[in-house]
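The sequence shown begins at 805 in our numbering and counts up one residue at a time.
By construction, these hints were calculated from the structure, which means they are not laboratory data.
Backbone N, C-alpha and C define an ideal beta-carbon position, used for all residues, glycine too.
Just to be clear, a hint being listed does not mean it is correct.
[Claimed, not checked] Quick list of the computed label-pair ranges, beta carbon to beta carbon:
1. Arg881 to Asn834: 35 to 43 Å
2. Asn871 to Asp1036: 45 to 53 Å
3. Ser1015 to Glu885: 38 to 46 Å
4. Ile840 to Lys1030: 30 to 38 Å
5. Thr1045 to Asp836: 25 to 33 Å
6. Asp1036 to Asp943: 47 to 55 Å
[Unchecked claim] Below, a list of computed lysine-lysine pairs in the DSSO-like style, where the Cα atoms sit at most 30 Å apart:
7. Lys866 to Lys896
8. Lys944 to Lys1040
9. Lys993 to Lys1030
10. Lys941 to Lys987
11. Lys866 to Lys1016
12. Lys1030 to Lys941
13. Lys866 to Lys1012
14. Lys1016 to Lys944
15. Lys1016 to Lys896
16. Lys944 to Lys993
17. Lys861 to Lys896
18. Lys993 to Lys941
19. Lys1030 to Lys1040
20. Lys896 to Lys993
21. Lys944 to Lys987
22. Lys1012 to Lys896
23. Lys1016 to Lys1040
24. Lys861 to Lys1012
25. Lys1016 to Lys941
26. Lys944 to Lys1012
27. Lys866 to Lys993
28. Lys866 to Lys987
29. Lys987 to Lys1016
30. Lys987 to Lys861
31. Lys1030 to Lys896
32. Lys866 to Lys941
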Amino acid sequence: MKQFRIVISILAIIFSQGVFSHDENKTPSNWDGSSINLGGILNTGNTDSSSLTGALKLLYSKDRWTNTFNLDGQYGRDDGETNAQMYSIENKTQYSLNSITTMNNFVYLDTDTTVNSFSSYDFTSTLTAGYGRDWIKNDKHTLSTSVAPGYNQSSVQNSNTITDSWAAVGSINYAWIFSSSTKLSEDTKFSFFETYWQTTSTSSISNKLNSKLSLLLSYSITYYSKIPEGTDFTDKMNTITNISLAYAL
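Based on the provided sequences and hints, a complete structural model is requested.
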């Protein structure tokens, strides 16, 4: 009940308008979109706990080039024992094929590595090169899709063996900016490998508190089509609820 009251209070802040001032005349920068996040999460599935989460996003755009670097981490302890320990590193370099900003075609190279001590797959690393398109890109809505073939390495928990596999990755990303301060996002990623597939869907809502600080509430679901033998973690679906503050760099 206490956690429910906290979430309701945060939602009230998110949907309230005009509580804090906003900087509408900010000078555009090549680094717009970069941020640091710090918050707390509630886990269900293989890990039932409360813990801390942090994230760093560095986004740089110049002419037709865009590079996005993401570093995410999660750590938790319960009764003196570590019960959550995960970090992921992703870097995506993207090149626009045309100068039409409202409907852009692009190619990209993406590397994505995750280490999670409390997952049936405790190590995954995927390299992909593919094509994407911005179907909608205006002041209120953005919608983009991408698809890419690639190469994957993974390791099953309690195993010292690295397995090589082909990979096919697709994504759908949607954002709705329904006020000058509030944005709703839905990001879905599908990853297919030789022996299993997984999908991750993340819903989030953010509210600007001022020109630098934002409040973020997100809910993420990850589903694995197959759980390998020999692992201690047998849930196919895991969720992460994240409440954090984001500081724009």
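Okay, the hints, checked on the actual structure:
Range check, arginine 881 to asparagine 834: Cβ separation about 39 Å, and the 35 to 43 Å hint holds. A C-beta distance of roughly 38 Å is found between asparagine 871 and aspartate 1036, which places it outside the suggested range of 45 to 53 Å. Separation of serine 1015 from glutamate 885 is about 41 Å and conforms to the stated range, judged on CB atoms against 38 to 46 Å. At about 36 Å, the beta-carbon gap between isoleucine 840 and lysine 1030 stays in the expected band of 30 to 38 Å.
Distance hint check: the CB atoms of threonine 1045 and aspartate 836 are about 28 Å apart, consistent with the given range 25 to 33 Å. For aspartate 1036 and aspartate 943, the hinted distance range of 47 to 55 Å is satisfied, since their beta carbons lie about 48 Å from each other. With a C-alpha separation of about 14 Å, the suggested pairing of lysine 866 with lysine 896 holds against the 30 Å cut-off. For the given pair, lysine 944 sits about 35 Å from lysine 1040 by alpha-carbon distance, which is inconsistent with the 30 Å threshold.
For the suggested pair lysine 993 and lysine 1030, the alpha carbons sit about 17 Å apart, so the restraint of at most 30 Å is met. This hinted pair checks out: lysine 941 and lysine 987 have alpha carbons roughly 14 Å apart, not beyond 30 Å. For the given pair, lysine 866 sits about 22 Å from lysine 1016 by alpha-carbon distance, which is consistent with the 30 Å threshold. Of the supplied pair hints, the one linking lysine 1030 and lysine 941 is violated, its CA atoms being roughly 36 Å apart against a limit of 30 Å.
Restraint check: the Cα-Cα separation between lysine 866 and lysine 1012 comes to about 25 Å, which is no more than 30 Å; the hinted pair holds. In summary, the hint linking lysine 1016 to lysine 944 is supported, as the alpha carbons are separated by about 21 Å, within the 30 Å threshold. The suggested pairing of lysine 1016 with lysine 896 holds, with an alpha-carbon distance near 24 Å, which does not exceed 30 Å. About 22 Å separates the Cα atoms of lysine 944 and lysine 993, which keeps this hinted pair within 30 Å; it holds.
Of the pairs offered as hints, the one joining lysine 861 and lysine 896 holds, with about 11 Å between alpha carbons and a cut-off of 30 Å not exceeded. Among the hinted pairs, lysine 993 with lysine 941 is consistent with the structure: their alpha-carbon atoms are about 20 Å apart, no more than 30 Å. Taking the CA atoms of lysine 1030 and lysine 1040, the gap is near 7 Å; set against the 30 Å cutoff, the hint holds. The straight-line distance between the Cα atoms of lysine 896 and lysine 993 is roughly 14 Å, inside the 30 Å bound, and the hint therefore holds.
Between lysine 944 and lysine 987 the alpha-carbon distance is near 9 Å, which keeps this suggested pair within the 30 Å criterion. At roughly 26 Å between alpha-carbon atoms, lysine 1012 and lysine 896 fall within 30 Å of each other, so this suggested pair holds. Restraint check: the Cα-Cα separation between lysine 1016 and lysine 1040 comes to about 38 Å, which exceeds 30 Å; the hinted pair is violated. Of the supplied pair hints, the one linking lysine 861 and lysine 1012 holds, its CA atoms being roughly 17 Å apart against a limit of 30 Å.
At roughly 24 Å between alpha-carbon atoms, lysine 1016 and lysine 941 fall within 30 Å of each other, so this suggested pair holds. Only pairs whose Cα atoms come within 30 Å are accepted, and lysine 944 paired with lysine 1012 is accepted, the gap being roughly 16 Å. For the given pair, lysine 866 sits about 26 Å from lysine 993 by alpha-carbon distance, which is consistent with the 30 Å threshold. Annotation: proposed proximity of lysine 866 to lysine 987 holds, straight-line Cα distance about 24 Å (limit 30 Å).
Annotation: proposed proximity of lysine 987 to lysine 1016 holds, straight-line Cα distance about 15 Å (limit 30 Å). Distance hint between lysine 987 and lysine 861 is fulfilled; the C-alpha atoms sit about 17 Å from each other, no more than 30 Å. Note on lysine 1030 and lysine 896: the hinted pairing holds, with a Cα-Cα distance of about 28 Å set against a maximum of 30 Å. Simply put, lysine 866 and lysine 941 have alpha-carbon atoms about 18 Å apart, close enough for the 30 Å limit, and the pair holds.
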